[in-house]
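If you read the protein sequences in the order shown, they are chains A and B.
Going by my numbering, the first residue of the first sequence is number 1, and it counts up by one from there.
Going by my numbering, the first residue of the second sequence is number 355, and it counts up by one from there.
No lab work stands behind these hints, which were simulated from the structure alone.
These figures come from a predicted structure and were not determined experimentally.
Any given hint might turn out to be false.
Which stretches of chain A does chain B cover? Using the computed rule of at least three CB atoms under 8 Å from a CB of chain B, they are [stated by the list, open to error]:
no. : region
1   : 65-79
2   : 92-99
3   : 104-118
4   : 189-198
5   : 214-227
Label-pair distances were calculated between CB atoms; the ranges are [as the list claims (entries may be wrong)]:
no. : chain 1 : residue 1 : chain 2 : residue 2 : range
6   : B       : LEU556    : A       : THR163    : 49 to 59 Å
7   : A       : ALA48     : B       : TRP468    : 30 to 40 Å
8   : A       : GLU288    : B       : TYR518    : 37 to 47 Å
9   : B       : PHE408    : A       : ASN203    : 42 to 52 Å
10  : B       : ILE559    : A       : ASP197    : 43 to 53 Å
11  : B       : PHE417    : A       : ASP44     : 53 to 63 Å
A short list of chain A residues far from chain B (calculated; beta carbon distances all over 12 Å) [as the list claims (entries may be wrong)]:
no. : residue
12  : ALA180
13  : ILE232
14  : PRO234
15  : LYS239
16  : GLN251
17  : PHE270
18  : GLY271
19  : ARG286
20  : LEU347
No residue lacks a Cβ here, since even glycine has one placed at the ideal position from N, Cα and C.
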Amino acid sequence: MMPMRRSLATLVGVATTLFAAALPAQAQAPAAAPAAAPAASTLDAIRARGTLVCGVSTGLAGFALPDSQGNWRGFDVDYCRALAIAIFNDPTKVRFVPTTAQVRFTALQSGEVDILSRNTTWTLSRDTSLGFDFAGINFFDGQGFMVKRSLNVQNARQLDGATVCVQPGTTTEQNLADWARGARVNIRPVVIERLEDNVAAYNAGRCDAYTTDVSGLAAIRATQQNPNDHVILPDVISKEPLGPLYRHGDQRFGDLVRWLHFGLIGAEEFGITAANAQQMLASDPRPEVQRILGRTGELGRMLGVDNAWMLNVIRGVGNYGEIFERNLTPIGLQRGRNALWTTPGGLQYAPPFR
Amino acid sequence: MSDITAGTTLHSSSAARSAPVNLVGPMAWARANLFANWWSTAITLALGYLFIRFAVSFVDWAFINAIWSVPVSPQGVANTEACREAKGVGACWAVITEKHRFILFGTYPYDEHWRPLLVCFLFVGLYIVSAMRRFWRWELALIWVAVLTAIGVLMWGGVFGLTYVPQERWGGLPITLILATFGLAFAFPLAILVALGRRSSLPAIKALCVLYVELIRGVPLISLLFMASVMFPLFLPEGMNIDKLLRAQIAIILFAGAYLAEVVRAGLQALPKGQYEAADALGLSYWKKTGLIILPQALRLVIPPLVNTFIGFFKDTSLVLIIGIFDLLTAGKTAIIEPSWQGFGVEVYIALGLIYFIFCYAMSKYSAGLETELNKGRRR
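Input sequences plus hints: build the corresponding full structure.
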């Protein structure tokens, strides 16, 4: 009896000491965590690791999809490659981590990925309470509806009483509910996880309409057996500005991502392409072109990278227009609002490089 | 008594006659079972007609009208016009021809595909060796350690001149085999310990085991996987990351462990109390009693439900798709996202189903053999 009681007392003693030791540490933890985040520089971490880790979609035609040989291709993927070139001057120094809609934000918050380049809509709550920053809008999108032409539906208000296929866990589902309430349209949503299962359900007549971003609808319509049997309704019920995002608080890394995007747009504006970048560096007289390409102005150094960063990026992946044409034009997307501001209706605009 | 010597033929004059053809053999069987009376005949003919019609149209679709390959442009874009025209009439196996390496190996570097291929063969070899009773010795554990190390070296690389391949590029069949093999190899011993613990007379151990089993069984595997991939990383200090695959693997081990523990416990309970008492009477220690008397009999009793659970878990590994790991099923689904290949899901799913079927059928066939082998003394 005695030895057992003594050991019990020791145990209680040890436990109390441990608890007491743990208590202040725990009390400090919430205060320490936000303070620690900005101190750890993403850019330094990437340099130390030797690779950029980029969160992409698990598979979305045109934006991020492995080809038959298992190489990632797409619009979002090219942004990651461009960033890898800007930092390391090497498009292969990037690892692509496929993230589903549900785990993408945790992957970024926990530091599993450095940046999410993954069809993510810029919203106020994601910018604030989720603790992210958006580096810009590299694709202006909006949610619409696709219906079969045989239904003879002219606009979205005629969808009263219709079943609509929608993917869960995205803003798409929320937008549909919000719009239906506002427009007093009675919609019956059919929530299906995977894109192609949604399309199959739509084709099988399980739902009357399919809703997602217009970019996605265009891609799906293009692959139908007879695209003309399907109509994308003119109503766009939401704004879906898509862009890369990074952890809030690391402005140095954010500046680099933001100006990389502006650099790609600026390059298109000035006519710098993958083919002629080297030649323009040598011969173009415009001072802004010379600054973008890094001959003058020390712009790269201000961002913490090599001065020739944009030259390397453009030679590697091309300018914004070339990236768009390579990945999104084949799936049937028009430039539309993603044209340069110099074209009527275009919204893509870059601040001056100086 | 016997004055007939061996070799003497009796009644050599008359040859043995076979029974009438309508009493034995296939004809008689068909008469008795298929055409016994008019309604039996009608059902046979109707089902036979449906079966032949289905078989003919399947052969037509799958082989005769099938398209085996389509032209692919140098940019890697396939021209699937021919397939789309044949849709509904002929299968488009071209999708398998074009995408089979992606489906099998995911985003693993293309030039290094021999490594995951070798890994798949190593796994199959390991299963075959482990299945043979003559290898059931303690050296088998060494073989497992050696083969699993070799698999790790092949998949990761970074040594012996192999290039390093980070985990997120792994995919396809090796991922499914890794998750299933490691999952069951670790879950099974865990399950035995938990099952024993649940029958223990020590209250703390018993409570712990009951808590573990009930907690894990009370939630779906999906929520455990989410926990492992969404919640768990937030508890770790910043900059520290545990591999995504490892996290999913641990979740699968814990989940399979809880289910297998209950199966093993069923076997322990089915054993007559006399076996326990006899072992005690011999003066065996607890571990000797368990290892020599109880477990060999208990596990033999539960082979069918054990294999049932094994097969279930082999297929459950495909749930990792929700956390973005490209296992065999996810790789197959991803292969048909590309616009030119959209709409050819049936062909891909048939191919995937065939792969899953081969593994699961082999497992169930082997367990049936093992059951007869081990239960020779108990067969009724």
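- Item | Given coverage of the region 65-79 of chain A by chain B, tested with a Cβ cutoff of 8 Å and a minimum of 3 residues | holds (count 8)
- Confirm or reject the claim that B:PHE417 and A:ASP44 have a C-beta distance inside 53 to 63 Å. For A:ASP44 against B:PHE417, whose Cβ atoms are near 59 Å apart, the range 53 to 63 Å holds.
- Query: Is it true that the C-beta distance of B:ILE559 to A:ASP197 lies inside 43 to 53 Å, as the hint says?
  - Reply: holds (46 Å)
- Task: Verify that the Cβ of A:GLN251 lies farther than 12 Å from every Cβ atom of chain B, and report whether the claim holds or is violated.
- Result: Label holds. Min Cβ-Cβ 17 Å, cutoff 12 Å.
- Item | A:LYS239 and chain B, when compared Cβ to Cβ, separated by more than 12 Å | holds (25 Å)
- Three or more residues of the region 214-227 of chain A near chain B by CB distance under 8 Å? holds (count 5)
- Please confirm whether A:ILE232 is truly not at the interface, meaning its C-beta sits more than 12 Å away from all C-beta atoms of chain B. holds (16 Å)
- Item | Closest CB of chain B to the CB of A:ARG286 still more than 12 Å away | Correct as stated: the minimum Cβ-Cβ distance to chain B is 33 Å, above 12 Å.
- A:ALA180 remote from chain B - nearest C-beta pair above 12 Å: Per Cβ check, A:ALA180 is outside 12 Å of chain B; nearest 27 Å; holds.
- Message: Minimum C-beta separation from A:GLY271 to chain B exceeding 12 Å: can you confirm that?
- Response: Holds: least Cβ distance 24 Å, greater than 12 Å.
- Against chain B, does A:LEU347 hold up as non-interface, every C-beta pair farther apart than 12 Å? Fine: 26 Å to the nearest Cβ keeps A:LEU347 off the interface.
- Could you tell me whether the CB distance from A:ALA48 to B:TRP468 stays inside 30 to 40 Å? Distance hint for A:ALA48, B:TRP468 holds at roughly 32 Å.
The structure does not agree with numbered hint 9 stated previously, though it agrees with all others.
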